[in-house]
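Fit chain B to the known structure of chain A by using the hints.
Those sequence lines, one after another, are chains A and B. With our numbering as the guide, the letters of the first sequence map in order to residues 1 to 89. With our numbering as the guide, the letters of the second sequence map in order to residues 1 to 687.
No lab work stands behind these hints: they were computed from the structure. Heads up, some of the hints might be wrong.
[To be verified] 27 Å max Cα-Cα, derived BS3-like pairs, lysine-lysine: (1) K584/B - K38/A; (2) K56/A - K418/B; (3) K29/A - K418/B; (4) K584/B - K58/A.
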Amino acid sequence: MSVDLIRGGVTHNLGTAAIMNTGSWRVFKPVIDLEKCKPCVICSQFCPDGIVTYEKDKEISINFYYCKGCGICAHECPRGAIEMVREGV
Amino acid sequence: MSEVFLSSSEVAAHAARLARVEVVSAYPITPNTGVIGALTELIETGQMNATAVNVEGEHSAASVCAGASSAGVRAFTATCGQGMAFMHEVLWMASGMALPMVVAVTSRGVGSPQTIVSDFSDIMMERDASYLQFYSENAQEVVDSIIMAYKIGENENVLLPSFVCLEAFRMTHTYEPVEIPDQEKVDSYLPPYRPKHAFYDTDYPVQQGTGSVPDFTYRKYQQHMGLINAKKVIKDACREFEEVFGRKYGLVDAHKVEDAEVVVVSMGCVSAVSRRLVNEYRKKGVRIGSLKVRVFRPFPEEEIKEALSGAKKVIVIDRFNSPGSHGVLYTEVRSALYDVKPTIISYIVGHEDIYSADMEKMIDKALEKDEGFEEWYNLFQPDEFWVKASGSDRYEQLKKGETVERDDVKDTSDLMAKGLNLCPGCIPYLVCRKVLTTLGKNTVVPYATGCVMAATSGAVLSGWKVPAGHYCFTNVASAASGIKAALEKRGKDYNVVAIGGDGGIADIGFQALSGAVERGHNIIYVCYDNEAYMNTGVQRSSTTSYLAATKTTLTGKKVHKKDIARIMEAHGIYVATMLPCFLKDMEKKILRAKEVDGPAFLHILSPCPTGWAFDPALGIEISRLAYETGAFILYESYKGERTISRLPKERKPIEEYLKLQGRFSHLTADQIQEIQKDVDERFMQMT
Numbered sequence: 001m002s003v004d005l006i007r008g009g010v011t012h013n014l015g016t017a018a019i020m021n022t023g024s025w026r027v028f029k030p031v032i033d034l035e036k037c038k039p040c041v042i043c044s045q046f047c048p049d050g051i052v053t054y055e056k057d058k059e060i061s062i063n064f065y066y067c068k069g070c071g072i073c074a075h076e077c078p079r080g081a082i083e084m085v086r087e088g089v
Numbered sequence: 001m002s003e004v005f006l007s008s009s010e011v012a013a014h015a016a017r018l019a020r021v022e023v024v025s026a027y028p029i030t031p032n033t034g035v036i037g038a039l040t041e042l043i044e045t046g047q048m049n050a051t052a053v054n055v056e057g058e059h060s061a062a063s064v065c066a067g068a069s070s071a072g073v074r075a076f077t078a079t080c081g082q083g084m085a086f087m088h089e090v091l092w093m094a095s096g097m098a099l100p101m102v103v104a105v106t107s108r109g110v111g112s113p114q115t116i117v118s119d120f121s122d123i124m125m126e127r128d129a130s131y132l133q134f135y136s137e138n139a140q141e142v143v144d145s146i147i148m149a150y151k152i153g154e155n156e157n158v159l160l161p162s163f164v165c166l167e168a169f170r171m172t173h174t175y176e177p178v179e180i181p182d183q184e185k186v187d188s189y190l191p192p193y194r195p196k197h198a199f200y201d202t203d204y205p206v207q208q209g210t211g212s213v214p215d216f217t218y219r220k221y222q223q224h225m226g227l228i229n230a231k232k233v234i235k236d237a238c239r240e241f242e243e244v245f246g247r248k249y250g251l252v253d254a255h256k257v258e259d260a261e262v263v264v265v266s267m268g269c270v271s272a273v274s275r276r277l278v279n280e281y282r283k284k285g286v287r288i289g290s291l292k293v294r295v296f297r298p299f300p301e302e303e304i305k306e307a308l309s310g311a312k313k314v315i316v317i318d319r320f321n322s323p324g325s326h327g328v329l330y331t332e333v334r335s336a337l338y339d340v341k342p343t344i345i346s347y348i349v350g351h352e353d354i355y356s357a358d359m360e361k362m363i364d365k366a367l368e369k370d371e372g373f374e375e376w377y378n379l380f381q382p383d384e385f386w387v388k389a390s391g392s393d394r395y396e397q398l399k400k401g402e403t404v405e406r407d408d409v410k411d412t413s414d415l416m417a418k419g420l421n422l423c424p425g426c427i428p429y430l431v432c433r434k435v436l437t438t439l440g441k442n443t444v445v446p447y448a449t450g451c452v453m454a455a456t457s458g459a460v461l462s463g464w465k466v467p468a469g470h471y472c473f474t475n476v477a478s479a480a481s482g483i484k485a486a487l488e489k490r491g492k493d494y495n496v497v498a499i500g501g502d503g504g505i506a507d508i509g510f511q512a513l514s515g516a517v518e519r520g521h522n523i524i525y526v527c528y529d530n531e532a533y534m535n536t537g538v539q540r541s542s543t544t545s546y547l548a549a550t551k552t553t554l555t556g557k558k559v560h561k562k563d564i565a566r567i568m569e570a571h572g573i574y575v576a577t578m579l580p581c582f583l584k585d586m587e588k589k590i591l592r593a594k595e596v597d598g599p600a601f602l603h604i605l606s607p608c609p610t611g612w613a614f615d616p617a618l619g620i621e622i623s624r625l626a627y628e629t630g631a632f633i634l635y636e637s638y639k640g641e642r643t644i645s646r647l648p649k650e651r652k653p654i655e656e657y658l659k660l661q662g663r664f665s666h667l668t669a670d671q672i673q674e675i676q677k678d679v680d681e682r683f684m685q686m687t
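Only chain A is shown next, with the shape it has when bound in the complex (with noise of 0.2 Å):
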């Protein structure tokens, strides 16, 4: 590769961490009861690493390929509609 990098060690490619598969780290999984869920939010808006997405009209939906199964979103749900279920099994 001819090119350099930037001197500085600066990047003009921001964001770029989300190549990381934060989910190979996951032991438990959340999977959404979508009956039980209204969906209020709570979730998302608790979720550390905000992968826990809704649009209007669609289903809560989780991006496995980040979900580190911290178990925050399941704790928060106000209806339990979250349960932490282990990998693999």
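Just chain B now, with coordinates in the frame of chain A:
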């Protein structure tokens, strides 16, 4: 003597114990944390009779040691990299004051760019600080060198402090069999420290730390002569060490150099590789030897000249290159060989790991060529991935004056990158996202060293979607001041948000914060307070809660949490305390911080599943309990007027908050009552 299986970090702590060090002070920086952890354990379990002073920065760690040494006891610290740089002024002061303390240097490169891997840029930065410099190769040499360093440094003809170098990770995190000497033998080798030159005693008062004009160079000459005298003192100390402990050391370690035509010269643990390879090459009939420079200051010029006088070719391996010149070891070896003039080959390996295969390539190439040469061995070459990830193509377009398409920052729904290497359930990740999405894309983020920095600045990968920059651990607020001043000059009305943890804001970064706030720069300071040094592996900070266990407070912190928010209130600025469980309240306060004229300080209690030892699902729940028990009070304050944001109708007992956290699992019923009383008192006082 007992043979045990330990890392060089743990062994360094044992050496301090055996040397009967009485004051230790260190500040967590990867990878010195193993030394600090081992020292804490030795002291808290009563195996070592020393006082550990857990400080707010390396400048203080070195100062505590210098202060202790000037008061007449043995003192010990460990540091590296940026931390050693922050010690700089104090290190020179200590050698000038002839204080024979020992600094274990878990050597690591000095940034930017930040690295935690070893090269000698930190210790070489202090090359001329008038310290004895010992470079160890393995854990055994670490324990032996530290014990010897006290004996040599305390000699009346030397009276200087020492660096004992143990390389980052290659040694600090590598376990190996090592003989820990018996205390009795160490006592016979190293008598108690009874300084005749520097100590404090009211029956025999002395004054220390002179100012100087006419005698300045004379004083420097005294330091120089201390090091020159040290050559003989080191030889004597090594001879005596061999008699007592049976292990042989010297200024250099020459291996098969007597008839060698080629000699490999190196320092530190790479010397083990070269010695092993020398044996292999000898089997093939190559007349080769190796020379380890064990002591770099004083520089063993005669010993090097003697060992290399018969060599036709000398290969020097450097872990640090003096920019704009050459490898530091190479330069000094070449100078020592001025009369001999062999062909000299210089390899600069920086922080690269050097395995046998690498060393073979290096030796083979040197054997092939007739002329001397200089080569940066195994220099990283950015591949297509790196070039693309760093946006080099955009930079090229920009240089040509072309319009650059920024599709990477088009989506502004989340201004933090996904996929950050933060622990599951990390609350600061949530906090940073909330701050940025509330303020919007016209925001510039300088951020302090810490968990968020490590996760957002990993090699070439970026964790932000707004302009952002990492400076040091100490200076986020002052760097932000410069950014704000420059943006104002450029007519850019951006939000400048300085983000840091409790370390970067309330501890090591506090001086910069207080200064910047006093100057009135219109900056928002965000402190995600997870109540300890989490990025280095959970060491106590000044904001760690009373009685909470950390790696440096195994049985609980014995002093109270620094109330950083109230200290900031005293600066007369906008201050708000926030909890992650109340996101609307947080949003309101972030917007208020933006609107107020002048600086604003936002303090967010950020439960940390890793450091506080709780189920990662409970981060929000624990912050809610902090509110419901009154452990954390939500308020705003502007120009000294405090307004409570909200109060629980009935406060829950503090035990509800404590019992979910492993860091409080050791508490007795009485201690819980004591904390309850503290919480009650503070609650009454504040509300």
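K29/A paired with K418/B [C-alpha distance capped at 27 Å]: Within the cut-off at roughly 18 Å; holds.
27 Å Cα cutoff - pair K56/A, K418/B: holds, 22 Å
Is the hinted pair K584/B and K58/A satisfied, with a Cα-Cα distance of at most 27 Å? holds, 24 Å
Between the alpha carbons of K584/B and K38/A, is the straight-line distance 27 Å or under? This hinted pair holds, its Cα atoms lying about 20 Å apart.
The structure is consistent with each of the numbered hints, conforming to all of them.
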